[in-house]
Amino acid sequence: MSSTFDTVANIISETCDIPREKITAQSHAIDDLGIDSLDFLDIAFAIDKAFGIKLPLEQWTQEVNEGKASTEQYFVLENLCARIDDLIKAKGA
Amino acid sequence: MRLEYFELIDRIIDIDLSAGTIRTEAVVPHESTVFEGHFPGYPLMPGVLLCETMAQTCGWLSMAKLNFTRMAFLAGFKEVKLRTFVTPGTLLEGHGQLLHEGSGFTRLRCQVLAGGKTVCDSELSMRLMPFLNDAFKAMVMDRAARLSFPFAALESPEANNA
Chain A
1 MSSTFDTVAN
11 IISETCDIPR
21 EKITAQSHAI
31 DDLGIDSLDF
41 LDIAFAIDKA
51 FGIKLPLEQW
61 TQEVNEGKAS
71 TEQYFVLENL
81 CARIDDLIKA
91 KGA
Chain B
1 MRLEYFELID
11 RIIDIDLSAG
21 TIRTEAVVPH
31 ESTVFEGHFP
41 GYPLMPGVLL
51 CETMAQTCGW
61 LSMAKLNFTR
71 MAFLAGFKEV
81 KLRTFVTPGT
91 LLEGHGQLLH
101 EGSGFTRLRC
111 QVLAGGKTVC
121 DSELSMRLMP
131 FLNDAFKAMV
141 MDRAARLSFP
151 FAALESPEAN
161 NA
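Protein chains in written order, with full-length UniProt numbering: chain A, 1 to 93; chain B, 1 to 162.
Keep in mind that the hints are not guaranteed to be accurate.
[To be verified] If the Cβ cut is set under 8 Å, some of the chain B residues that face chain A in the computed set are: (1) A75; (2) G76; (3) S103; (4) F105; (5) R107; (6) R127.
[To be verified] Here are the simulated lysine-lysine pairs, DSSO-like style, with alpha carbons at most 30 Å apart: (7) K68/A x K117/B; (8) K49/A x K78/B; (9) K54/A x K137/B; (10) K54/A x K78/B; (11) K78/B x K117/B; (12) K22/A x K117/B; (13) K89/A x K22/A.
Worth flagging that the hints you see were computed from the coordinates, not collected in a lab. C-beta atoms are modelled at their ideal positions from N, C-alpha and C, and glycine is treated no differently.
The whole structure should be built from the sequences, with the hints applied where relevant.
Set out below in structure tokens:
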């Protein structure tokens, strides 16, 4: 988890020009860091490449829009990193 | 190429879904109202329209990759380089390469060549969204047919896995 978080935080910092020290595991990518959907495409691209996965952004967006999930479940960084770890595990299974 | 209708591609030469590549071509028109302003007495193809040529090339590849289940919209350019002037009558060839197919987006690299030399290149992001409605999709498919889109490429196993 910690190495996943470090990688994700570095990606966000470099992609969105956000000081690294402002990015914590509890940061909400949208509400706290001000990342919009366009910036998140670049972040998703970098995350997909770094971990060899495909973040299911369309599914997450649909779940949020339909009220089946909260944005916190996917966009608070510790939760995002947990989902990345799950995807990495699923890939190796 | 019909600048006034924002049609920057004349023909899709070929598409290879397994390799994630596309080639397109277009001839810059000899006359257009665009050249009356850009520039009077010195007509040059505007750089933003060269960028649009890259976007349309990559858009067709992105939609084909998903078997036309999504519409592709330009989301961003990264490190665009406009390397030389392009004048009326020039035959352009667009080369697109899929770098990554994400969930709801693609990342691609594209270059436009004239006479074998690169005139512009960039990395692009395309956002992929459901078609607005059936009529909109029919319009896109009609335009694909007019561009000689190689529909046989969609019947490959690669396309059917999309």
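Is the interface hint for R107/B satisfied, with its Cβ closer than 8 Å to some Cβ of chain A?
R107/B check passes; min Cβ-Cβ to chain A is 5 Å, inside 8 Å.
Given the hinted pair K54/A and K137/B, is their alpha-carbon gap at most 30 Å?
Given pair K54/A, K137/B holds - Cα atoms ~26 Å apart, limit 30 Å.
With the threshold set at 30 Å, check whether the alpha-carbon distance from K54/A to K78/B stays at or below it.
holds, 21 Å
Do the numbers back the hint for F105/B, that is, is its least Cβ distance to chain A under 8 Å?
holds, 5 Å
Sort out whether K117/B lies within 30 Å of K78/B, counting only the CA atoms.
Given that 30 Å is the threshold and the Cα spacing comes to 20 Å, the pair holds.
Compare the distance between the alpha carbons of K89/A and K22/A with 30 Å, and conclude whether the hinted pair is satisfied.
holds, 29 Å
Hey, does the G76/B contact hint survive, CB to chain A under 8 Å?
This interface hint holds because 7 Å falls under the 8 Å limit.
Would you mind confirming whether the straight-line C-alpha gap from K49/A to K78/B stays at or under 30 Å?
Holds. K49/A to K78/B sits at ~17 Å (cutoff 30 Å).
Going by Cβ atoms only, is S103/B closer than 8 Å to chain A?
Since chain A brings a Cβ to about 4 Å from S103/B, closer than 8 Å, the hint holds.
Run the distance test for K22/A versus K117/B: straight-line Cα separation, threshold 30 Å.
It is violated: about 45 Å lies between the C-alpha atoms, which goes past 30 Å.
Agreement of hint A75/B with chain A interface, Cβ distance less than 8 Å
Holds: closest Cβ of chain A sits about 6 Å from A75/B, inside 8 Å.
Does R127/B pass the interface check with chain A, least Cβ-Cβ distance below 8 Å?
Where the cut-off is 8 Å and the nearest Cβ of chain A is about 7 Å from R127/B, the hint holds.
The structure is inconsistent with the numbered hints 7 and 12, although it conforms to all the rest.
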